[in-house]
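Fit chain B to the known structure of chain G by using the hints.
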Amino acid sequence: MVLAVRSYELSVGYEIDEGLVWVVDRLNLEIGAGESYCLVGESGCGKSTIGNAVAGLLPPYAVTDGVLELMGVKAIEGRLRRFNGLRGRVVVRIPQDPAASLNPFLTVGEQLGEVLRAHLGQLTESEARKRVGYLLSLVKLPPEVAEAYPHQLSGGMKQRVAIALALAPSPKVVVADEPTSALDAYLKFSIARLLKALQLALGLTLIFITHDITLARHVCDRVAVIYAGRVVEEARTEDLLEGALHPYTKLLLRAVPRRLASERLADIPGTPPPPGRYPSGCRFRPRCPVASEECTRDPEPAEVGEMHRVYCWRWRSA
Amino acid sequence: MSPLLAVEDLYVAFRAPRGGLTLGYRVVWALRGVSLSVEEGESLGVVGGSGSGKSTLLKAVVGLVKPLRGSIVYRGLDLLKLGWSQRRRVLREVGYVPQEPSQSMDPRMSVREIVLEPLLALGVPKESREHLLGSVLELVDLPNEVRERNIRELSGGMQQRVAIARALITKPRLLLLDEPTSSLDVSTAAQILNLLRDLRDTLGLSYVVVSHDIDSVSYVADRVAVMALGVVVEVGSTHSVLAEPLHPYTRVLVEPERVEEEVTLDPEVACPAYRWCPWRGDRCATERPRPVEVRRGHLVMCWNYS
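If you're matching them up, the sequences are chains G and B in order.
Residues in the first sequence are numbered consecutively from 1, following the numbering used here.
Residues in the second sequence are numbered consecutively from 319, following the numbering used here.
The shape of chain G in the complex, shown without the other chains (with noise of 0.2 Å):
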């Protein structure tokens, strides 16, 4: 299988006052080709950072270890990073705020012209208009669309429309940064299954994140859960959902209320260490309910079914 997203050992941290702080620390992944692909985690877990990694969007400030490779094309090395001709063109990035990422003084329309002009040359007039209504009816939405500014729609079809503007220059990779956290549940789910819709059709991968655990359930084939910038546990969505073994995952599902269920949800005593001050070993150790010794040292991968994975020592004992 060729591997859309291939990253090893990639780190990433800012340059603040107190010195350099990794967010994201040695990641390794392995995404395939038309994969969909869910990040998991609470805000500051360095998620959405690893997005911007991907979609070759980190700040020029920030710092990076390791090696990433887009399509076989190695886009990070070390500190070296090189997007050019792949970022906004084989990747993009769906942002978590439509609003902010429109024009407000330019029509729908010309917005995704002017996208469609950078990456195609010169279109004619009657070319570029037939694009752009295609662009809109890949995302459900009526032509009319085009000629209407931003302020005139809706949440939803903002949200649409910012797909729409991603996938302008036919992208083999698609980064969707909470393109749902802005919306209410019906929109929510609507939204989700576009995406799911889209990434089938057009033989996208994706990289979904989200902090919606229960919303990866229709949207991806596997799951990564992020806690305090590192995985700890990756398996096929149904197999994460049903079967989690890491008992940070596990809290985490039984912190959703469940329809109709009446039990207590889990109370997770204190909340996620901010990038900076991660203890030692296992991140998850001082919220840890079955925490012992051992974990003071950094988990291995332990394999524990067919694509499943966890870091933790004491999966067994969760």
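Derived by calculation from the structure, the hints in this document are not laboratory data.
One or more of the hints may lead you astray.
Derived list of chain G stretches under chain B, where covered just means 3 residues or more per stretch with a C-beta under 8 Å from a C-beta of chain B [what the hints assert, rightly or not]:
| id | segment |
| --- | --- |
| 1 | 183 to 189 |
| 2 | 212 to 218 |
| 3 | 249 to 255 |
| 4 | 263 to 271 |
Glycine included, each C-beta is placed from N, C-alpha and C at the ideal position.
This is chain B only, laid out in the frame that chain G set:
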């Protein structure tokens, strides 16, 4: 027994700029005849998409927006007919926790100042204020050290606890909560939901909890009301509504994966679900559905059931 809070046929409208380069306003109806009631010790969840008017409903009860028509009766007193000072005295028994805790609190104030502010307005003497602060912080599980901390230094979950403490300081019977968990992470949201459940059980509080997430509302609510475009379309016990949703829009919220059509709500038609409803008839476009009691205490506003 008369209910603790009864909202009857409430209408609220806002003026919104027409947009673009045209001047003038258009009228947007946020609530179009809402009737709901909460019994003593009962918790009501209000669910709906964005723009359904659920936050406006809470704001109308505490007097932040002025209804055009209808009544809000709290323990037999119509709040809209009371004078200013009398209403303030009555509303002391109603706590309000606004959406987005960080934006509803002055960033320059300490936790102590924020939590005690409602008491200053009520003229409570200093000694009893300090005493109340300690007991309220204990209720919401905040350590004593946070008293002098600035609100900006606290995490989102702690800020939400401060907002709840501020609402509890006047010893309310009824707590209005606007999206109490929407800005929080999964594990923090679970902590807040557990806290709300504990407070309800220990203090015997009544809640009106507004949220777009039907599952987190059902965790604390005995009854659920579903709103769409300023209209209540269904109300019933949490179990009844979630296990057997009746209104087409409730089905969308409860089981989005089973809905094939694109769901758009239309304010121009009598029934907001008219555009895509599988059971629609001619009547639905012109005549507003009346509530029908399908099961005991489970009402639905849909012509299909009458």
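So, going through the hints one by one against the coordinates:
1. 183 to 189: holds (count 6)
2. 212 to 218: Holds: 3 residues of the segment 212 to 218 of chain G have a Cβ under 8 Å from chain B.
3. 249 to 255: holds (count 3)
4. 263 to 271: This one holds; 6 residues, not fewer than the three required, reach chain B with a Cβ under 8 Å.
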